[in-house]
Structure formats: structure tokens, C-alpha cells
Amino acid sequence: MSHWIVTRGSVTGTSHTSQGEEKQDSIAVIEDIHGNVSFCLSDGAGSSKNSKFSSSITSQFMAEELSKLPSMIEERGTGSWINDYIIQCIINLRAALYEKFDTYDLRDYHCTLVSGIFFKNTCLVAHIGDGAVLSGTVSLDDNECLLNEKLYFSEPENGEYKNETYFLTEPNWLKHLRIKVVPNVSWLIAGTDGGIDLLSVGDRLQDQLVLEILKDLIDCPSSERDQNLERIMSSDKADEKTNDDKTLIIITSSEISRNSNPYWQLDANTITDFYPKIQKKNDAPKNLDLTPSAVVENSHDSLKILKNINIIRRVYGFFHKQTILTIVLLLVFVISAYAILNFKTRQLDSPRNLIEAMKIPTIKENSDEGPEESDAKEEGPTNGSNFPNDDPLKVNAEDASNGVEVDQSETLLENEMEIKNEFSVLEDLSGNQDVVRPDLSQETKINNYIKFFRRIIEWVTPKSTPLDDTVLIDGSNVKQKNSE
Amino acid sequence: MTVDYVNNPNQRTPCVLILDASYSMSTKTSSGKTRIQLLNEGLQEFEKALKSDSTALTRVQVSIVLVGGPNSKAELLMDWTDANYFTAFNLKEGGNTPLAEGLEIGLDLVETSKVNLRQNGISYTRPWMFVMSDGEPTSDRAIWKKAAENCKRAINDKKLMIFPIGIDSASGNAQKLNEISDKPCLNMEGTKFNEFFVWLSDSLSAVTRSRPGDTIELPETDPWRHVGI
Chain A
108 MSHWIVTRGS VTGTSHTSQG EEKQDSIAVI EDIHGNVSFC LSDGAGSSKN SKFSSSITSQ
168 FMAEELSKLP SMIEERGTGS WINDYIIQCI INLRAALYEK FDTYDLRDYH CTLVSGIFFK
228 NTCLVAHIGD GAVLSGTVSL DDNECLLNEK LYFSEPENGE YKNETYFLTE PNWLKHLRIK
288 VVPNVSWLIA GTDGGIDLLS VGDRLQDQLV LEILKDLIDC PSSERDQNLE RIMSSDKADE
348 KTNDDKTLII ITSSEISRNS NPYWQLDANT ITDFYPKIQK KNDAPKNLDL TPSAVVENSH
408 DSLKILKNIN IIRRVYGFFH KQTILTIVLL LVFVISAYAI LNFKTRQLDS PRNLIEAMKI
468 PTIKENSDEG PEESDAKEEG PTNGSNFPND DPLKVNAEDA SNGVEVDQSE TLLENEMEIK
528 NEFSVLEDLS GNQDVVRPDL SQETKINNYI KFFRRIIEWV TPKSTPLDDT VLIDGSNVKQ
588 KNSE
Chain B
27 MTVDYVNNPN QRTPCVLILD ASYSMSTKTS SGKTRIQLLN EGLQEFEKAL KSDSTALTRV
87 QVSIVLVGGP NSKAELLMDW TDANYFTAFN LKEGGNTPLA EGLEIGLDLV ETSKVNLRQN
147 GISYTRPWMF VMSDGEPTSD RAIWKKAAEN CKRAINDKKL MIFPIGIDSA SGNAQKLNEI
207 SDKPCLNMEG TKFNEFFVWL SDSLSAVTRS RPGDTIELPE TDPWRHVGI
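Sequence order for the protein chains is A and B. 108 is the number of the first residue of the first sequence in this note's numbering; add one for each residue after it. 27 is the number of the first residue of the second sequence in this note's numbering; add one for each residue after it.
The following block holds chain A by itself, in its conformation from the complex (with noise of 0.2 angstroms):
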């Protein structure tokens, strides 16, 4: 069996002192003849006015009746009657409570309860609040002592907020009432809030400071343990860590305190596999640059998203409310859609546009050349110079505008160019190209495709004034009208 060694201790917050408060914590450890070691440790609240004196009764009391649970385990063996002794000593102490202050509102009595009671290997852990309790089984080796073989955890219950936790004096306490079974338990480490605080980082135990604390207590002379316990929690690194009382009781057994070398393995085991993974990276600190009125730049995304879909909400929100007007900016949309396209639709479908969007190449005209020269050429249907003279294509001039002035010659000669370029695109669908002299058919029908053409093209176009002559379609009086 092994024999427990006890370092207990227990100093009085900043916030305590510096306002002449007393300490709230509370302590008591009973070691009976057998060896076995109970335990219990109660922190009042700060709000109730009476929580020092319920902390005190608390932890003397159920140190007490923890005590008598080894004997009657010896008589009874184990099972769920321990769960219903418990319960019945926290009913007992608050009925002691009652009788002591003489009231059965409790209100000004709150405390937590965090203890234990060690018989033979097993630790038996009863705990309502915050506080926390960590024990763990070790493994020997020859002159190693692996501290973190196992480790077990009875972790404080705080509500949403930090400051919020429960107590054995509230109505609804056996709600928050936890019993856990420790086997084969090597050591142990439980302690209230702000005990708890000196070996955390934020709100999490941390492994090397867990392993640091029983370090320095195994090498420290069992008589000089309680007092380096104390130094510790006393000093200005500790008031840094925490201004709370802090209360802390480590019980390591025998054979821990023999081997000279304990160790931590910390890729296994670890205290960290009791708490939630951290999600986020923290955020560097950024220097802030203000300005007067200016709107900090928000990096945070979870504000930007809450504020994409605030915005998101209320535009549809607007919208579901403003039913008519929806409705009514929805046909003026799609009115305006189907205006827009067919507009486009028949821009497209001029022959200009066409043209070019088939990119069919432009003839380059031979100014030189008049009708009856081309008459001696027979070199084919590039060469722009084939309309015959006796069958000139011409072209109304009243039919071509609407009485809108333009300049004339300009407008003529791009005409002239037009259709020039039409005759030879049609020629080249034709796929007749030894054509000179196109016959009279043939030449009517080109000539009016290409009136069609044009009157389009001059639909959509600025419109030009009457011409006063007729435009021969082989430009010679165009000419004659550019020479003028």
C-alpha cells in the first residue's frame, strides 16, 4: 500500500487584501491510521457576504464524512451506494448549513466544492463548480518516472461567462454535482479557481507548468513542502497570474518521491486533450491609425460577414415588404431588357453590320479606270472596274435621303465604295468569277438587292439631303461632281 505524502496551501488574494477583505478559500485534509487521506477544498463566492464561513464549514465537514468512506467500502465492497452516500452528505451539509445560520436561504452562503478521499490505489473525486481536479498514473522504469502514463480530469463548470460557476448552495446544486473514480492514482492536483490560475495559461492547465510544481516538490524535503508551496503562491508572479485566494493541495505517493527522475512525455497524454482544439490563430497586434470620424478598416471577418448579411437581410427585407413596388421595378427591368436587345437585334441585322462582322474584304477601286475602259479588261472580278456602261446601275438620289443635308461627295463616294463592295461579296457567292459583263438579269437582281441594301443602311444612318442629280452607279458623275 502505498503511503501518500500531502502539501497543502493556501494564500489570500490581492483583491482580497488590498480591500481588508478576509480569504474565502478554505482548506482540510484528514490522514487516518490506515493511510488513507481525505480531502476537501470550498471557495465562498465574492458576492455572498457569509461565504467564508460556509467555505470553512463546508471543507471541515465533508473532509469528515469522506473519512468514513474506506471503512464502510471494507465492509460493504463498492458500488452505486457510494454515489447516494455522497449525495446524502451534501443534504446533510446543507441542513448543517441551515441550523448554523439559522435560515434556509443560502443566498449569502455560496461556495464550491471540490473534493476526495484516497483509499488503497483509488481516488474517489466529489465536485460542484469551478476549481479543477488532475491526477494521473505513472509509470517506473528503472530510474525514470513517466508522470503522464494517464491522466484524469475533473474539470470546473462555469456558465458562458468566466464569473459564472455553480455551488452546493444553490437550489438546483445536484445538477452540477460530478463523482468521478480515479484507478491505479500515482498523484494528484486539485485546487479552487485561483490555485488552479498559477498553473494555467489563460483558462487552460499547462503541462510544463503541472510538471514543474510536482518537480519542485519532489525534490524538496517533505518538511519544507508546504512552505515552498506557499512561497510560490505568494509571489509577485503569482499575484500577476491571479489577485484571487489561491488554494492548492498535491498528494504524490511514495514511490514518486523515491525516483529521482521524473519526466513528462508531451507527444502523448497530454493535459491539452481535455480541451477543445483552438480554432483560430491569434491576430498580431496591430498599431491603430486613427483619424477624426474616420471608419476603422475591419479585418475581422466574422464582422464582415455579419455585416454583409445585415445588409443582405434588410435589402430583403425592404423588398418582402414593399411587395407592389417590386413587382412594378421587376417589369420596368424586363421591359427595359426586351427594349434594349431588340434595339441591338436590329442594329445587328443592317448589312453593314453584317459585312463586317463577316469580315469580307473590301475591293480597292481603280480611280483611273472609267466604265469604258473596264470594258477591255477580262481579268476577273477583283479588279472593281466591270460595270457596264450602257447598263449603268442608278440609283434615285430622292430615294437615297430624306431631305437631311450631309456633304454630298463624301457621302457619295462611301456609297459608291458600298456597293461596289456588295456587287463583288455577291459575285463571290455566286462562285462566278469570270463574270465581265453580268447579264441584264442578273444585273437587276443585284440591282436590287443592293437598292435594298442601301435604303437600310440609310435607314439607320444620319439621313443626307436630295441629291440634285441622279448618282450613276459607277460613280463618273460623282466624279465630275468632286471636280466641280
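Hints were generated in silico from the structure; no laboratory data involved. Just so you know, not all the hints are guaranteed correct.
Stated by the list, open to error - DSBU-like, lysine-lysine: derived pairs with alpha carbons at most 35 angstroms apart:
| no. | chain 1 | residue 1 | chain 2 | residue 2 |
| --- | --- | --- | --- | --- |
| 1 | B | K74 | A | K348 |
| 2 | A | K558 | A | K348 |
| 3 | B | K185 | A | K348 |
The hints should help you fit chain B onto chain A, whose structure is shown.
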């Protein structure tokens, strides 16, 4: 955000300030200074008070929402900032008082803060929101009603605590501000900004040292003496 959870993993008390910088803040008070000048001086004092308290310095996070101002809208002026990174700045008055929109931004900020703190494994106490206004809110009536309902619901759900403060005896808006909190609106004379911010810092210091279930004793003459946490 300007926070450092790596080097400072202590618990946080998020505190949102909803500040009215509407045109009416250009009104002169009995001290000869305008309300906005006094508010700016108060912010300077707030910074000093926070930084002189070592507990509050490491445990308070501050965020500021501007209502009104030259942009005449409610907007986030300063995102969550640890107290030790907070530097006071001057506000300019102008525009209307879209207070309802400012309250909604403040409520969103509180939830954002909690999400961020949880993700970083940092514990926190119940956030506070201080609403300081000297004029009738110019928000649409329906929007104001909804914002007031949201504030009351958040208080009932224990999501935060809201403390309304009417500036410079604006009795007209006291009733309006009473609609957003279960605590009575405190009328604050324009000349007491500095003292108010010192009180605020003291109050936050008291919170950061609180025990579970504590009822905090705030400085005397304060009607919120029995603030539940």
C-alpha cells in the same frame, strides 16, 4: 481588431461605447465648452484611467460605435481593441442621430467578440454596452422599435448589459433611452464626462476582480449599484 491573445490570455470584459456625435453635440454647456469637446476630453480621461489600472489594462476590450458625425450615419469607429492598445481620439459633431442603427451594430459587435474569444480559448465576462446620446434618435420609428426590442431581448437572454446615458439633461430622450434597457437612463450633465469615464474604468476594474455571482458595489451615487454579473 487589435488584440493579443497570445501574450495576454487573460479573461476579457468586452465593452462597447455607442457615442453620439450628432450636430446637437455642438451645443455649449454651462462650462463654456461644447458637449463634443467634453466628450473628447472624457475619452482622453478614459484612456488614462484604463492604463493606470493594471487589472483593467489586461482584461478590458473596448469597441466604439459612432452615431452621427460628418458622415451622418451609424458606423463602427473602432473595432475590438485591448485596453493597452487603445488610444483616445477626437470626434467631430455633425449629422443626424441614427441611434437604432448604432445599437444594432453594437449588438453585432458583442456577438462577434464572443465568437472571437471562444475561438481563441479566452474566457470572458458578460459584455457591457454604454449608450450615450443627447438627442432624439432620428431613426425610422419601426427601426427604432425593432432595435429596442432586440436590446431588451439580449438583456433578458443575459447576452450583455446595457447602460443608457442621456447627455446634458436631455429629458426628451430619457424616455427613449429607457426603452433599450432594464436599467434607468442616467442623465449626465455635460460637465461630468471626465468623471464618468473614470467611474467607468473603476467599474470595469471591479468587474475584472469579480467572483462568480458577485454583485458589484459601484462608486457611490451610482444608481446601478447592484449590478448583477
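Against the structure, the hints:
no.: 1; hint: B:K74 with A:K348; verdict: holds (23 angstroms)
no.: 2; hint: A:K558 with A:K348; verdict: violated (96 angstroms)
no.: 3; hint: B:K185 with A:K348; verdict: holds (27 angstroms)
The structure does not agree with numbered hint 2 stated previously, though it agrees with all others.
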